[in-house]
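Student: Kindly generate the complete structure, drawing on both the sequences and the hints.
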Amino acid sequence: MSDVTQKAPKRSLFAPDARTQKRNRAEKRFQYYGMAAVGVGIFALIVLLTSILGSGLSSFRQTYISFPVDLLAERIDPEGNRNPAEMAAVTTFGYMPLLAMSFQAHLEAEGIEHEMGARELAAMLSDDAPAQIRDRVLANPDLVGTTIDVQILVGGRIDGFFKGRVTMASAERDRNVSPAQLVLAQVLADRGDVVTRFNWDFITAPDASGQRPEAAGLGVAIIGSFYMMLVVLALAPPIGVAASIYLEEFAAKNRFTDLIEVNISNLAAVPSIVFGILGLAVFINFMEFNQSSPLVGGLVLTLMTLPTIIITTRASLRAVPPSIRQAALGLGASRMQSVFHHVLPLAMPGILTGTIIGLAQALGETAPLLLIGMVAFVREYPDLMSTHSNSFPLMGDGATALPVQVYSWTQRADPAFVERASGAIIVLLVFLVVMNAIAILLRRRFERRW
Amino acid sequence: MKDLNEMSQTDQESAVDVLKMQARGVDVFYGAGGRTGSAAGMAADLAADKNVTHAIKGVDVDIADKTVTAFIGPSGCGKSTFLRVLNRMNDTIEGCRVTGKVTLEGEDIYDPNVDPVQLRAKVGMVFQKPNPFPKSIFDNVAYGPRIHGLSSNKADLADIVERSLRRAAIWNEVKDRLDAPGTGLSGGQQQRLCIARAVATSPEVLLMDEPCSSLDPIATAQVEELIDDLRSRYSVVIVTHSMQQAARVSQKTAFFHLGNLVEFGDTDKIFTNPSDPRTESYITGRIG
Amino acid sequence: MLSILTAIVVLGGLGFFLGRQRAIASAGGDARILHSLPVYYGTNVALLTVVPAVLVLGVWLIVQPMVIAGAAIDLIPEQGVTQAGSRDLVMSDVRRLADGINTGVERGAFTAAEAASLDTATTDIRAVLADVGVALGTDVEPAILAAAQRSRQMSDTASTWMQVIVLGLAVAGLTYAWLRTNKDLRARNTVERAILGLLITASTLAILTTVGIVLSMVWESANFFQLYRWQDFFFGLEWRPSFEGGSELGLIPLLWGTIYISLIALLVAVPIGLFAAIYMAEYASRRVRSVAKPLIEVLAGIPTIVYGLFALITVGPLLRDYFAAPLGLGTSSSSVMTAGIVMGIMLIPFVSSLSDDIINAVPQSLRDGSYGLGATQSETVKQVVLPAALPGIVGAILLAASRAIGETMIVVLGAGAAARLDLNPFEAMTTVTVKIVGQLTGDTDFSSPEALVAFALGLTLFAITLCLNIFALVIVRKYREQYE
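Chains as they are written, first to last, in numbering that gives the first Met the number 0: chain Z, 0 to 449; chain P, 0 to 287; chain U, 0 to 483.
Hints were generated in silico from the structure; no laboratory data involved.
All figures in this text were calculated on a predicted structure; none of them were measured in a lab.
Check each hint, because a few of them may be wrong.
Stated by the list, open to error - Cross-link-like lysine-lysine pairs, in silico, DSSO-like; alpha carbons within 30 Å at most: (1) Z:Lys-252 - U:Lys-477; (2) P:Lys-153 - Z:Lys-21; (3) P:Lys-128 - U:Lys-477; (4) Z:Lys-27 - P:Lys-153; (5) Z:Lys-27 - P:Lys-134; (6) U:Lys-477 - Z:Lys-27; (7) Z:Lys-21 - P:Lys-19; (8) U:Lys-477 - P:Lys-134; (9) P:Lys-174 - P:Lys-134; (10) P:Lys-174 - P:Lys-128; (11) P:Lys-100 - Z:Lys-21; (12) Z:Lys-21 - P:Lys-134; (13) P:Lys-268 - P:Lys-56.
Tutor: This is the structure in structure tokens:
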């Protein structure tokens, strides 16, 4: 009789054999792989965030220069009657020389040495500065003829110099900035005439053209995103919850409901750009809504968000124990009443959480919005009620959206827009963090275990 | 070895007294978190902590070789927990701490130098629910020998698999379909496959955690018969819910109640003449 | 439009109060003998007032332009249509002119009577309209003007009729429902049936969306394949669109870029995601898990545009300066590798959380069985848990692949725009999604093959991801059922 035990010699537990040692080493190795994988994931997250924060935080600060400006009446109000309507005929080009002259005069008055011509000197100021002065004058015609102290934007390269993006060495090679300008800027900064400070305009101002990154802001994009979120919020949760209630509480198991189920899970995984194509073909080409309007963007994002909301809502409806339904039915309530009076309120926290997560997803979505024209350059703040007569009355004005603005800025030549794009992402991430924090709070506050 | 086997078959009563495992003052705590400390001090600490569940309280048991020892008691009395103490399966549960001394042939199995992997190769286990791996019948049985490197070649491995399946009294039923998935067998066959799987690593002690509780009466009878067979080679410890089963298959019985070992002794004595009133109440069906 | 809707809503509100009142009156003021709560009677009347009217209004608004367009196009001679290119283009001219004239009337360029008798011979309509801020593309042809005038006239008449019919319907509904209201009417049942109808409609929106996606893409793709041979599209090895005509629009280089980038992304995401999931599910203590798991899942909540920018400003230059340039493999910062690695990072949480769920669904008894035989944890994972979880994990990987193939922003910013059939991963290549964006962004002429090809690309993308999704969903669902 041969016995299995005979083949394995008796071994003490305290004497690990070579094979066991090898196995244990493999075990350790395997565990390290796992730790390494988790580490790589977290490391990637940290690198991603530091890279964005590192290149974007500076966009919240901007460099300004202060000097007195003579608002010469003959230049900006040729008619001489302080009528804003007539003064509006003087474009920003009329204000540019004014600023340049005042700047030069200021330097002379203060006895600051420099070796630059008038043109090179004027190039230090932002192209957007004349517009700022013009807006101020048109708002208050009494300023004409006086001398006002202004604080205006400097050009993007000078700003970059104070943020470390532009150096003397790089200025040598750059057509848009000269070392002499930087030297002067440093002198003015030491005097306190040039300061770098927090810049609200980055959040509130509209986009600016490719030549003046220093003036570009997120105002239009934030409003556009906000309108789209309003559309999504108004449409997606009611429709999503209604669909979930039907599927979870009323639908019989049959081909039709199966088809809906398959559709929902598939739509949740369809590439977002496909929704963009849908929006383009249906809302813009077929229904003829305005291109780049937040309404269309919101509709597309609603369709995208629906699957997410439906899936989470169904999960939270399923989590309500059947005993609640039976209790309501037992008291003589109809099925509809038991659902709307008892199940739905109990599932509310879960539904809210799902909605916020869906909204956050929609807020960061970019690709479909590119196709429905939200990349357009828009400087006018969109109104809630459309100003164009031939568009849908609500949210029909052109706008951009936060993530799309990021994309547009990355497509511009001036490297200063990289800083702007990263800054825009920080704003976007702040919104997302707030939304997710609310979702987590809701879950913590209302989570119920049955 | 051969002589020993023959002797055990001819004279089982004398073999009963060969001591295989011994447990002294074993305490088990759940929810202890990552606490460590000196064994003696920790037991007292943990016992005093209200957030910690004291699952086993100072249990002493001797497991004899070539004997079936049964652990009985009402649900939640700690009998399964104690079974898992014997091959350190509790190590896989987070926050579970074991104090006291458990030895296998005189060696402390909770010594820090002991590798639980080696221990479990010697102290095999069969679980309540048949849990064949989602692999072929052959691979299920070959799993243990493969990981422990018990076979030198393929033929050898096939040999071990066949022997183990024969020993688990299932060979004739599956010999034609060793490549079929183990999950396709009936419940009783699955459980015998799991026993074959445990036997294949040639353990010295076989732990069985309610091995028949999810089987029908016919399958139960087959497994019980098998357990009686296995006694000739291994020391078997079985946790069971059914007192009849304990009486049928075991020589020694331990009665657990609320984490305490109430009574431990010869099965005949426990069932006919228990010394503790609680044992009597349980056996006569008054508590349980 | 708005006024008519408001009128309907007001009528509905009125109906609600009247219905409620009548119900209570029919019960002699004692609400307890009513069949349903008074609210239901009110709602019942309101529903019958609003729903039919709104439905008719909706249908009318869809059908009216079609009918008018059909009538107006008859006025345009056959050769006028062929000249302009297509019916659609002519009709959009007609519509623009009609809208322009209406705006002109609104802004006082001419009176309504003058507008009705406009003549291309006597008035330069384009100039007049330009004065009031309506820009027309070309001078107005008499045939177009005639068509525009007819369509204006018809829509005036139609609008009047629409108002009469819709409001009449609302009033009729109100009256009928109000008359039927009495204490025995099963108002609640009617209202609940209406609500159920609403719920069903909401849930069919998922189907409608799919149908919308498929139809819109199939329609435009069909137009594309009339202008461009489908063999050349599906098997073409060159992608060289040019808006002067003679474009080469071959799918193969785009598909190659897509697959190559997705492959690299999966090579990054699958091992890392899988090992991370194994570590979280099998090894990590609760403390570590409670920190690491949310951190990794944060990666899933970050919008893809952020990853795109990360690829553009950090990963791309890094790879170029430290790998591609020293190895002499290229000087482009946007490359297959850049996009692939960043996309891989994006997919890590996707793979890990799906795998984590799936690994956790493997019953503990299998692990116990393995430990009980003296297997180490890694042996248990490799030989028992993973084989048991394999179908689910394959499903998760397929879903991740579908994500990778459909991902847009990362490749737009990280992969480049050059369509190329190449093996060098440090070379810029492009993908299907990049080209969809490229061909449809900006001013596009929807009758040119260069724009329409985007729909064919979209259809291809949809078909591929649909297959992957359904396949993955079936596998995952089967797997879940196995352990439930």
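Student: Next step is simple, just say for each hint if it's right about the structure.
Tutor: These are the hints, each one checked on the structure:
no., hint, in the structure
1, Z:Lys-252 - U:Lys-477, "holds (18 Å)"
2, P:Lys-153 - Z:Lys-21, "holds (22 Å)"
3, P:Lys-128 - U:Lys-477, "holds (23 Å)"
4, Z:Lys-27 - P:Lys-153, "holds (28 Å)"
5, Z:Lys-27 - P:Lys-134, "holds (26 Å)"
6, U:Lys-477 - Z:Lys-27, "violated (34 Å)"
7, Z:Lys-21 - P:Lys-19, "holds (29 Å)"
8, U:Lys-477 - P:Lys-134, "holds (18 Å)"
9, P:Lys-174 - P:Lys-134, "holds (16 Å)"
10, P:Lys-174 - P:Lys-128, "holds (23 Å)"
11, P:Lys-100 - Z:Lys-21, "holds (28 Å)"
12, Z:Lys-21 - P:Lys-134, "holds (25 Å)"
13, P:Lys-268 - P:Lys-56, "holds (24 Å)"
Hint 6 from the earlier list is the only one contradicted by this structure; the remaining hints agree with it.
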